[in-house]
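> From just these sequences and the hints, can you work out the full model?
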Amino acid sequence: MAAMTPTAPDTVEAGTSGAAPRASTRRPRPRSRPRPRVWRGAVLALAGAYFLTPLIASFVFTVHVPGRGISFEAYTELLAADGFTQSLLLSLGLAAATISLSLLLAVPALIAVRIGSPRLRPVVEVVCMLPLVVPPIALVTGITTVLRWGPEHLSRTPLYQTFLAVQNEDFPVVLVLAYTVLALPFVHRSLDAGLRAIDVPTLVEAARSCGASWPHVVLRVLLPNLRASLAGAAFLTLALVLGEFTIASLLGFRPFAVWIVSISGAQARMSVAVSILSLVITWLLLLLLSRAATVPATVSAAPATSRKES
Amino acid sequence: MSATTTPHPKGTAGGNRRRRRGPRTWLAALPLLAFTGLCFGIPLGAIAFGAVTRTDPATGAVRPTGEHLARSLQGPYLGSLIGSVQLSALTALVGGLLGVLIAQAVVTSRSTALRSAALTASGVLANFGGVPLAFAFIATVGISGVVTQLADLGGLGWSLYSFTGLTVVYLYFLIPLMVLVIAPALDGLRPQWREAAQNNGATAGQFWRHVGLPVLAPSLLGGFVLLFGTAFAAHATAAALVGGSVPLVTLKIADALSGNVLTGQENVALALGLDMILIAGLVMAVYLPLQRRSARWLR
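Chains A and B are the protein sequences, given in the same order. Numbered according to the numbering used here, the first sequence spans residues 1 to 310. Numbered according to the numbering used here, the second sequence spans residues 1001 to 1299.
Among the clues, some could well be false.
As the list claims (entries may be wrong) - Output of the computed footprint for chain A on chain B, the stretches with three or more beta carbons under 8 Å from beta carbons of chain A:
(1) 1037-1050
(2) 1068-1077
(3) 1121-1127
(4) 1135-1148
Stated by the list, open to error - For each label pair, taking beta carbons as the anchor points, the in silico distance ranges come out as:
(5) A:Ser-213 / B:Phe-1049: 43 to 53 Å
(6) A:Val-63 / B:His-1210: 26 to 36 Å
(7) A:Tyr-50 / B:Gln-1149: 18 to 28 Å
(8) B:Thr-1055 / A:Ser-71: 53 to 63 Å
(9) B:Asp-1152 / A:Ser-71: 45 to 55 Å
(10) A:Arg-148 / B:Arg-1209: 49 to 59 Å
In short, the hints are calculated from the structure, not lab data. Even for Gly, the Cβ is constructed at its ideal location relative to N, Cα and C.
Set out below in structure tokens:
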């Protein structure tokens, strides 16, 4: 057992790893060693089977047509499918807008509470974390209620035009606003971890005393240091927006996830193929993210999850 | 500081900076606060307001009432709330247990490749929810799914579109979430503690009962609560999978909003939304202190 502790030099010292523990662990070792190994293998094998089966089976489902053998039609027909490119482009556009908006809002606020207004810090933290408490389905009930005020109460005021513009079919700004709210907790967590890792006041004071202007300090000194957490925030937001179904479908818009559901009745094979593709894309993005995030530290700390639609 | 007019370069520089920094930083946080107030506060207020008031269609008069909340806690709506809580509790319990087992198997293995692969895969799978997951499971164990036909699951009475089926699907993203949450805590369980217990003659059971579980308890509870909250808020998976055959509060809200039931249900939807926010708020109120407590042991 003492052989298992090469790490944590602060607690292992010569005295305890000497003769006494070896003598005491010699007896249980033959009995307890093989058991965990078998147990561990069984657990990992079962977990692997459970997590891999749906992936393999759905791939088989898309390429194997009963009675006709193997065909990749579901994938080749995808690009020509009605609404595929349109909904995908809409989702990507929404994602880009959401990422820009959430970063534009969160970065200045978080830097500000670090260097100048520490008393605002708990306020900003609570405000950013509150959306976690509100499930998307509850948020959408509130949004539909607010949107209904437009025609009901404000139809004579200039605000009404704003209400209409926000719900424009081609680019529903209301979705960007809602997604930004949903993304704030994850953006905040990611940026806060990044800011905690660097010494913001010292960097700012060093840059300022070298004569840098404030925009220069933020753009050339702070943001480069935050690159990993900015990328993390952007990737999590992208995953959230690409997979979002609840709010978009209840507000009557048709981005990617809603489109998949809408074709599932007529073209089951294609809907599964698209699901696999969107999964693979999300995986690649998140793998990139975990690579970027785990270069310096070990894989632990903050779980890299967004509230992706579930 | 700047009250004295003596030309003291250091003093004036500091005073200058302080004076300029104060209002500026305050302003930088303002857009965020204004945005959340507008796009989050107003819908939230609309939920709370709509859930406890009634607008007379004829006169437009608004008066407070408890009837929507009362209705949201009766009949089919109460059933859906109970169904959601049951499903979330069951999946959180099973997912938590299995997640701990897998995390323990990964953490205690000495292969770093397995470890990093498992943790990365968990990060990815925990994000794999919603519509794609539902379709993957339909293709696998749905009515005409690949595994269903290979193993003749239909003959065994299996149905994906049921409470059990939904549990199996939810576990697919809940287990990895638990692995992510609990792995750091299991890492914090130092091998030296186990050795110390063994040197004092403790058995494995005694070690877990007196050292392991007490240290892990906040993380375990916190993980359970987080899983519960995630399962409770989940809507897209259930919507794409079961439609309405399993009573869940998220599906009921969606029905009421999209007018699939009687008109005039909007206020009940708002009341149900308020119920959900209260339950989720309770969950977070339990989770955050637990997380802070468990962070104590993780260096």
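> Take the hints in turn and mark each one as holding or not.
Hint check results:
1. 1037-1050: holds (count 9)
2. 1068-1077: The restraint on the region 1068-1077 of chain B is violated, since only 0 of its residues have a Cβ under 8 Å from chain A and three are required.
3. 1121-1127: Coverage by chain A holds here, the residue count being 6 at a Cβ distance below 8 Å.
4. 1135-1148: Result for this restraint: holds, n = 10.
5. A:Ser-213 / B:Phe-1049: 43 to 53 Å: At roughly 46 Å between Cβ atoms, Phe-1049 of chain B and Ser-213 of chain A fall inside 43 to 53 Å, so the hint holds.
6. A:Val-63 / B:His-1210: 26 to 36 Å: About 54 Å separates the Cβ atoms of Val-63 of chain A and His-1210 of chain B, which means 26 to 36 Å is violated.
7. A:Tyr-50 / B:Gln-1149: 18 to 28 Å: Given about 19 Å between the Cβ atoms, the range holds.
8. B:Thr-1055 / A:Ser-71: 53 to 63 Å: Since the Cβ atoms of Thr-1055 of chain B and Ser-71 of chain A sit about 57 Å apart, the hinted range of 53 to 63 Å holds.
9. B:Asp-1152 / A:Ser-71: 45 to 55 Å: violated (25 Å)
10. A:Arg-148 / B:Arg-1209: 49 to 59 Å: holds (57 Å)
Violated hints, in rising order: 2, 6, 9; the structure is consistent with all others.
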